[in-house]
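Here the protein sequences line up with chains W and U, keeping their order.
The numbering used here runs 997 ahead of the 1-based position in the first sequence.
The numbering used here runs 997 ahead of the 1-based position in the second sequence.
No wet-lab data here; the hints were simulated from the structure.
Keep in mind that a hint or two might mislead.
No copy labels: a pair is met if it fits in one copy or bridges any two.
[Unchecked claim] Each computed DSBU-like pair below joins lysine-lysine, with the alpha-carbon atoms no more than 30 Å apart:
{"hint": "1", "residue 1": "Lys-1079", "residue 2": "Lys-1129"}
{"hint": "2", "residue 1": "Lys-1122", "residue 2": "Lys-1079"}
{"hint": "3", "residue 1": "Lys-1042", "residue 2": "Lys-1102"}
{"hint": "4", "residue 1": "Lys-1054", "residue 2": "Lys-1151"}
{"hint": "5", "residue 1": "Lys-1129", "residue 2": "Lys-1065"}
{"hint": "6", "residue 1": "Lys-1102", "residue 2": "Lys-1079"}
{"hint": "7", "residue 1": "Lys-1079", "residue 2": "Lys-1054"}
{"hint": "8", "residue 1": "Lys-1122", "residue 2": "Lys-1054"}
{"hint": "9", "residue 1": "Lys-1151", "residue 2": "Lys-1021"}
{"hint": "10", "residue 1": "Lys-1021", "residue 2": "Lys-1102"}
{"hint": "11", "residue 1": "Lys-1122", "residue 2": "Lys-1151"}
{"hint": "12", "residue 1": "Lys-1054", "residue 2": "Lys-1102"}
Number of protein chains: 2
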Amino acid sequence: MHTFYQADFNNTFLSEEEAAHCTKVLRLSEGELIHLVNGAGRRAKATLVQIQTRNVKFSIIEESQDQKRPYEIHMLISPTRKLERNEWMVEKMVEVGVDAIHFIKTEHSHRESFDRVTNLERLQKIAIAAMKQSNQSWLPSITNRLRFEDIINKWPEGERFIAYVANEEQNTHLVRLARTHTPTYVLIGPEGDFSVHEIQSAIGAGWRSVSLGSTRLRTETAAFVACHSVHLANL
Amino acid sequence: MHTFYQADFNNTFLSEEEAAHCTKVLRLSEGELIHLVNGAGRRAKATLVQIQTRNVKFSIIEESQDQKRPYEIHMLISPTRKLERNEWMVEKMVEVGVDAIHFIKTEHSHRESFDRVTNLERLQKIAIAAMKQSNQSWLPSITNRLRFEDIINKWPEGERFIAYVANEEQNTHLVRLARTHTPTYVLIGPEGDFSVHEIQSAIGAGWRSVSLGSTRLRTETAAFVACHSVHLANL
């Protein structure tokens, strides 16, 4: 059964994009059953009751609510310059599960490419597709334009980690330090790493430095590895 | 300092591809220092002693040998139909570290795309780039055209796991089952999953079924998650 994203189940017409997918790609017919997810844990089984090119009406048969994971993962990332690497990163983190992706500007961030590689409309579409693909019903929030100095004093109630390249060997791996059932925040630096000043500020504000393994990882790989490590720490 | 791949240190000229990268992209000059890795754990520091467009000669100053990890990871994967997803998968597994990637044909493998998406020459280049990028000196072997039925009775000395979608919830996560310091083999199925017959044959031959987490993963994501999980089990 095919799954569609419908933010509001009270609106019984699929969004323009999902309707086009339903009629032009999947070529579904009236009477067929579909799944709906709203991005906030709600699922529904529905029947397609009326199909026109741009209007696809459904009727809900049954609804259910998925529980949230007992821990939240917030990834705070200085994005790579390459659009496709950033998109891949969002897709993969959503596949394994992530609650929030914040794109941050750091001293060594590439300013010219920042807005292009963190195009929220585009990343939102990728996140929706990955949520459906991986059979999940929760959609992460994605934000950009956060500044490093504005975030390091936030979320004192959670476990906060910073991964950076310098002195990597001296740090303990995130999977060992992450606590179970705790909101977890992980800072991932840009291609040129965090500045010494940023690392010192974060550690001064209570962020703990962690290792992500013995090899030198690209930004997008580091983010995925960190997100996956928090899941494994919660097994 | 820039790193170049040089399979044989006795040959004091860079390969054509690495020479082009050295002169046209990086525009290095005679007298500059470079790093060399041979893909078999050997590293060298060298000086560029002569540069012409297609001939780049170096002179080695010092050599060293990296130890192998105390465990081997062999990934046996039925590839996706999408070339770029397969390439991404190879790049990411090499970044975190992998010893061998075997592409296998299964009942539900997409036969028409198999040779295209497992183009060894192309994947080898990606693996070399990822090895250099991640500051490693070991290059994994990459093979294709293995058949499922030819592999399930191999490697009885190692720990052998099969990850599949059916009954995912009943299985224990790979990170819990993988043993430390043991050669580990993980089978990853195609988009349509392994057939029931394949799963039964593998389990009959001693492969253990494992979970890779609670969400439904694409083939390339499953492979990376499995590879990373073995690393974390060895921490």
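Going through the hints against the structure:
Taking the closest pair of Cα atoms, Lys-1079 and Lys-1129 come within 30 Å of each other both inside a single copy (25 Å) and across two copies (19 Å). Within a single copy, Lys-1122 and Lys-1079 get their C-alpha atoms as close as 18 Å, and across copies as close as 20 Å, so both meet the 30 Å cut-off. Neither within a single protomer nor between protomers do Lys-1042 and Lys-1102 lie at most 30 Å apart by alpha-carbon distance, with minima of 41 Å and 36 Å respectively. Neither within a single protomer nor between protomers do Lys-1054 and Lys-1151 lie at most 30 Å apart by alpha-carbon distance, with minima of 43 Å and 54 Å respectively.
In the homo-oligomer, the alpha carbons of Lys-1129 and Lys-1065 lie at most 30 Å apart inside one protomer (16 Å), although the nearest pairing across protomers, at 40 Å, exceeds that limit. When the C-alpha separation of Lys-1102 and Lys-1079 is checked against a cutoff of 30 Å, the pair qualifies only within one copy, where the shortest distance is 15 Å, while the shortest distance between copies is 33 Å. In the homo-oligomer, the alpha carbons of Lys-1079 and Lys-1054 never lie at most 30 Å apart, since the shortest distance is 39 Å inside one protomer and 33 Å across protomers. Taking identical chains as interchangeable, the C-alpha atoms of Lys-1122 and Lys-1054 lie at most 30 Å apart only when both belong to the same chain, with a minimum of 21 Å there against 49 Å between chains.
Taking the shortest alpha-carbon separations for Lys-1151 and Lys-1021, neither the intra-copy value of 46 Å nor the inter-copy value of 46 Å comes in at or below 30 Å. Taking CA atoms no more than 30 Å apart as the test, Lys-1021 paired with Lys-1102 passes in neither setting, with 40 Å inside one copy and 32 Å between copies. In the homo-oligomer, the alpha carbons of Lys-1122 and Lys-1151 lie at most 30 Å apart inside one protomer (28 Å), although the nearest pairing across protomers, at 43 Å, exceeds that limit. For the identical chains of this complex, Lys-1054 and Lys-1102 are neighbours neither inside a copy (42 Å) nor across copies (42 Å), given an alpha-carbon limit of 30 Å.
Violation of the numbered hints given earlier is confined to hints 3, 4, 7, 9, 10 and 12; the remaining hints are satisfied by the structure.
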